[in-house]
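Novice: Listed below are the residues making up each chain.
Number of protein chains: 2
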Amino acid sequence: MAEKVRVLLVGSGGIGTMTALNLEQGGHAAVSAVLRSNYAAVKEKGFTIDSCDHGKLDGWRPAEILNKVPDVASDPSVMPFDYIICTTKNIPDVPPVLVDIIRPAVTPGKSVILLIQNGLNIEKPLHKEFPTNIVLSGVSFMGADELSPGHVLENDTDRLSVGPFFNPALDIEAQIAAAEHFVKIYSATGKVQCSYDRDVQFIRWRKLLYNAVWNPICAITGMDTTRLRLASEVDDPASPLNVLVRPAMNEVRAAAKAVADVELPESLVEVMVDADPLEIWCAPSMMQDTRKKRFIEYEYLVGEALRAGEGAGVAMPTLRCIYGFCKAVQWRTKEYNGLVDPQKLMEERKKTQG
Amino acid sequence: MAEKVRVLLVGSGGIGTMTALNLEQGGHAAVSAVLRSNYAAVKEKGFTIDSCDHGKLDGWRPAEILNKVPDVASDPSVMPFDYIICTTKNIPDVPPVLVDIIRPAVTPGKSVILLIQNGLNIEKPLHKEFPTNIVLSGVSFMGADELSPGHVLENDTDRLSVGPFFNPALDIEAQIAAAEHFVKIYSATGKVQCSYDRDVQFIRWRKLLYNAVWNPICAITGMDTTRLRLASEVDDPASPLNVLVRPAMNEVRAAAKAVADVELPESLVEVMVDADPLEIWCAPSMMQDTRKKRFIEYEYLVGEALRAGEGAGVAMPTLRCIYGFCKAVQWRTKEYNGLVDPQKLMEERKKTQG
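First to last, the protein sequences are chains U and W.
full-length UniProt numbering applies: residue 1 is where the first sequence begins, and numbers increase by one.
full-length UniProt numbering applies: residue 1 is where the second sequence begins, and numbers increase by one.
Next up, chain U with everything else stripped away, as it sits in the complex:
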């Protein structure tokens, strides 16, 4: 590991920035970070970081600050990337989709793509579009937010689980080696917990138990996990917890077993119900997105779990409803952002009906 590996980071919000910082602090990676909303601020002053793992940094800059994904194929001045780390939101129902975003930077057969993103089947479009590139799964348990452009607070320590999204068309050992290599360079600071995980399905489904349930329910109701628990009287069989949260979690458990032979113990449901300390009034990311009128990652967090589970014969009536509400919420956001025109659609629909 004499020479630094070249890393492209796509998505430099809270988690992305902390990931870049830890990689560079480890000394084995040079990170080119693609910035969007915070580009001007960071270009001028660097990042201001308050990190439980790395302390306080003022004016920190990764090796390179970019305002777009570089075009490796057509620009010979850009050296190929060893790793492309994606920490953006992953929203397949709103263009541009992830594969189109990163395509210019992907060197076939070389760039290893690491998706630090939640949800199910997120690797499928990448295996299809980049059949010669290794794709890795990253599941992060860090707590980090960008409070204002370029100002990142990390308040819960970085724990990252990495393993291959196995592509049967590629050499298995090479895929394992790529994951292990990343774990090595990421662990070099000694300040974070990064583990190699050969079977990524367990940890992905386990996290989905929370993400496929709390995320959309909070987004739909506009209530944080504390309020939803308080709104549920302990002895009410028809409380939101008993009618929505617990049944949906048990449906995801059943899907995990049927789809991936992943055994999530029943006791895990109560762990996930009470995962957030009551006093933090936790607003899951999807709820924060709806508050900001941003698109939600419901297809990979809810839709894929639903399709996979139902495809394997699991009844998922609660998750189905949650999915339907998410689809409506996403449309509302599309209208807000001008991606659909209700008046025009209404007139077209009237013609079709008439």
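Rather than coming from a laboratory, the hints here were simulated on the basis of the structure.
Among the hints, erroneous ones may be present.
Copies of the same chain are indistinguishable here, so a pair counts whether it falls within one copy or spans any two.
[As the list claims (entries may be wrong)] Computed list of lysine-lysine pairs in DSSO-like fashion (alpha-carbon distance at most 30 Å, straight line):
| no. | residue 1 | residue 2 |
| --- | --- | --- |
| 1 | Lys207 | Lys4 |
| 2 | Lys292 | Lys344 |
| 3 | Lys334 | Lys292 |
| 4 | Lys293 | Lys334 |
| 5 | Lys207 | Lys350 |
| 6 | Lys124 | Lys257 |
Please arrange chain W on chain U, whose structure you already have, making use of the hints.
Specialist: Chain W in isolation, oriented as in the chain U frame:
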């Protein structure tokens, strides 16, 4: 019918005011209307009414304008009421409940109580609290809104279906006679359609097909019925219409059959899906309530249908979810209106857990 019957109207919004007007115009009733938010405006200037049935009226006043429900038992100057008509929202989970509101005005054995309200089992608390009083069902298909205090627009003609909520402890013929008498005095203007309906269950369940489904789904998503239809691609099996609206309606159909032997044909589902003309962007009442941060009538529109249906062995997974979301939405409104204190509840919950 020489002498006018004495009517107390509780709930003088759009529908209540039009009901009072039609009764008085018929010449057989003197209406004492209890007003709340519009009391000052109406006391001073009367109602301004723009009605498709009765034309334009400026400064119209019912026989009596009250700012509270009169106390018949303790105030000998108040003559007993022949009819007490309730057109308020009916929200059993937020005090004061309807029976407590009207109690002072109910003369046992005499006052006939007419509930012009939607939903299921709304008569139960009245039969219990007023066991000697006849209770009638009123189902209204009028379109009327109070646009500002005292200003009412009626834009869809008054059609009212009236029949007894049979109380087996009372004389059956007397209950029928009371309903028929009301139909007679209400029909006297010749300008509205008021029919006697012996079997009120059919019409109540039929209306519930719309109200138990569109009302809460629009309230939860903040989207009107047009937008929810536009958000549903015609060929998408997982659209909001296909995942939420149609399944919920079919569950209500099944409950109607199992609970009340009411046969609602399957074709009625599509009628209800497309009940609202697309170009009116219909915001059902429950959605208007959430917009105004008011409480929603979800217990009688959704909860009772769910409990009755499930009690009769009908699987209602979609309505169950909708109910759970409604309960959360109601709690949010309680917080907004200061009826629950999250901080205090959170601290109590922490103690219980610890």
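Novice: Determine for every hint whether it applies to the structure shown.
Specialist: Verification of the hints:
Taking CA atoms no more than 30 Å apart as the test, Lys207 paired with Lys4 passes in neither setting, with 32 Å inside one copy and 69 Å between copies. Taking identical chains as interchangeable, the C-alpha atoms of Lys292 and Lys344 lie at most 30 Å apart whether they share a chain (26 Å) or sit on different chains (28 Å). With identical chains, the CA atoms of Lys334 and Lys292 are at most 30 Å apart both within one copy (13 Å) and between copies (24 Å). Taking the shortest alpha-carbon separations for Lys293 and Lys334, both the intra-copy value of 9 Å and the inter-copy value of 24 Å come in at or below 30 Å.
In this homomeric assembly, Lys207 and Lys350 come within 30 Å of each other (Cα to Cα) only across copies, at 25 Å, whereas the closest approach inside a single copy is 43 Å. In this assembly of identical chains, the alpha carbons of Lys124 and Lys257 lie at most 30 Å apart only when taken from the same copy (20 Å versus 45 Å across copies).
In this structure, the one hint that does not hold is number 1.
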